[in-house]
Amino acid sequence: MALMCHWKDNIFAKIKSKSSGWRFQGKVSSARLPSWGALFMMRSMEEIIQLLQKNALMPRDEMARLLNKSKDEVEAAIAALEADGVILGYQPVLNREKWGTNTVTAVIEVKITPERDGGFDRIASRIAKFEEVKSCYLVSGGYDLLIVVEAPNLRAAASFVAEKLSTIDAVQSTATHFRLKTYKENGTFHHFEAASERLAVTP
Amino acid sequence: MSIPIADHIREIPRSGIRDFFEIVQSMEDVVSLGIGEPDFATPWHIREAAIFALERGRTGYTSNLGLPRLRRSISTYVKEHFGIRYEPLSEVLVTVGVSEAIDLALRAILNPGDGVLYHEPCYVSYAPTIVMARGEPQVIQTRDEDAFALRASDLEKAIRPNTRALMLNFPTNPTGATMSPEEMEKIAAVCVKHNLVVLSDEIYSELTFDGGTHTSIVTFPGMKERTVFLHGLSKAFAMTGWRIGFACAPAPLIEAMMKIHQYSILCASIMGQDAAIEALEHGETSVAAMRAEYQMRRNYIVSSLNEMGLDCRSPRGSFYVFPKITSTGLSSREFSMGLLNSKMVAVVPGTAFGKCGEGHVRCSFATGLEQIKVAMTRMAEYCSELRSA
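From first to last, the protein sequence lines stand for chains A and B. Position 192 of the first sequence, counted from 1, bears residue number 172 in our numbering, the numbering being contiguous throughout. Here our numbering = 1-based position in the second sequence + 188.
Think of the hints as simulated: they come from the structure by calculation, not from any bench. Fair warning: this is a prediction, and the values are worked out from it, not measured in the lab. Some clues are possibly wrong.
Pulled from the structure, derived: some chain A residues nowhere near chain B, Cβ distances all over 12 Å [what the hints assert, rightly or not]: (1) Asn35; (2) Arg45; (3) Asn48; (4) Val113; (5) Lys144.
For the chain A half of the interface with chain B, some residues (derived, Cβ under 10 Å), not all of them [to be verified]: (6) Leu32; (7) Glu42; (8) Thr93; (9) Asp97; (10) Gly98; (11) Arg178; (12) Thr182.
In this text, a Cβ means the ideal position worked out from N, Cα and C, and glycines have one as well.
Looking at chain A on its own, in the form it has when it is part of the complex:
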């Protein structure tokens, strides 16, 4: 339990101060171990995050009904998650075949030389700041950074790699893979299974 991330503690504290709606207010601030009430709230937080991940636009009163809580409680929890930087933003999941057909997406493996002081961080953040870079991860294995790049067309993507990315001193090599088709993205399927036929009434 001691390994539970500190952000959760912060959030309990925040909710305690922000909202009087929560029925279970664990004492968290002094103790390293969350109390029973805090654990209960953490489960609620998990549930709220799961619902938001499925549909961030779900009306809060509907969410409240599903979780047996009041709308105020749900709103306070979400506000706390946002304020604490646990929730960084909300985005639509786009079907690129129906919208923005010319946009190209590439996954690029990047090998870099780490720096004496900053390791990978400084160079990674330098790469991540480019508008074209949509995601940037430090990974284990045969290369160091895995980046996802979006560009309006193939030429723009190629020029980003050749002129911006490869020319950075620390970058040793790149391998670019263009996306051809999306099957599943962030848990959402782009091609749906046919609904099965269920009987209308069964015992």
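Assemble chain B onto chain A, guided by the hints.
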């Protein structure tokens, strides 16, 4: 010439649910809360394991008792989840759904005219299965005030000289009733006292909500040797169409049940059995995810029904709610027919599950949230129209 039908079969009444089903089938765009099976497809890892087994050419008969590996998985699963140990090779029988297991158990223990107790409202096939096994169905009406749990005193009063067995189903279809361990212990004591065999259908046991746990009657003193523990993969693992159930019981009874099973069915399908192994050994996470989803839908449906003035308890198990509709002044059937005809929402009249289901309807929340929302909106309209009429 018409072919004569055996008396005891002819006398079994048509299922009330089937009548209702045929009306619903004839209509279009009905939102149905009448479905007693999960709306989830079987979790992918289970389907994938079955496909893999097919690719390896596993398409033959299995042992009459079921694949030995599946029986070992069942034994381990039952030990872990219910705290009872059964010998995989002699005390476990794999069947075509729990329905077959119930049929086998009844046929194996009943002589013509033996009485079998069961509690209503209940799953529609219990009484007919008893009749088909040449037994005499003996009903115990449970009460709304007890949330349709079974009272030990009601059980004891219902026992007659010819009573041989008691059928239990907790959590219950259609009421969502669950038993407290204390009351279950009393039931167990009555069964021991009157030397009853118990057939315990625990198909909904994994779908227990609010962090509650399910206590099987088998765990009480003197019960294991007189109980047929019945379970299957249909509900918790969303595997209704695979038709895999199982019975755990003392070896001599399993042997007797196997005799009937081998001559009538031979074995459950190997595809279903292979899928069941994957489900029992690796299905925990999928079950937990589905349970969490059901619990949210339950919360939604219970609060909506209460808001529209239909008194509805929050069930601690199964995926059914059984709201009371007496405040509308209608009977269960009138309410359900009216709702179907005017709002195109199907719920099942409580009377389909026994006389004491009158005044209630069964709504299943094994239906997607979007459907539930539409159904609740339309039902609320229906209720307010009834009140203002």
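Quick rundown of the hints versus the structure:
no., hint, verdict
1, Asn35, "10 Å, violated"
2, Arg45, "5 Å, violated"
3, Asn48, "5 Å, violated"
4, Val113, "32 Å, holds"
5, Lys144, "40 Å, holds"
6, Leu32, "13 Å, violated"
7, Glu42, "8 Å, holds"
8, Thr93, "41 Å, violated"
9, Asp97, "42 Å, violated"
10, Gly98, "39 Å, violated"
11, Arg178, "6 Å, holds"
12, Thr182, "5 Å, holds"
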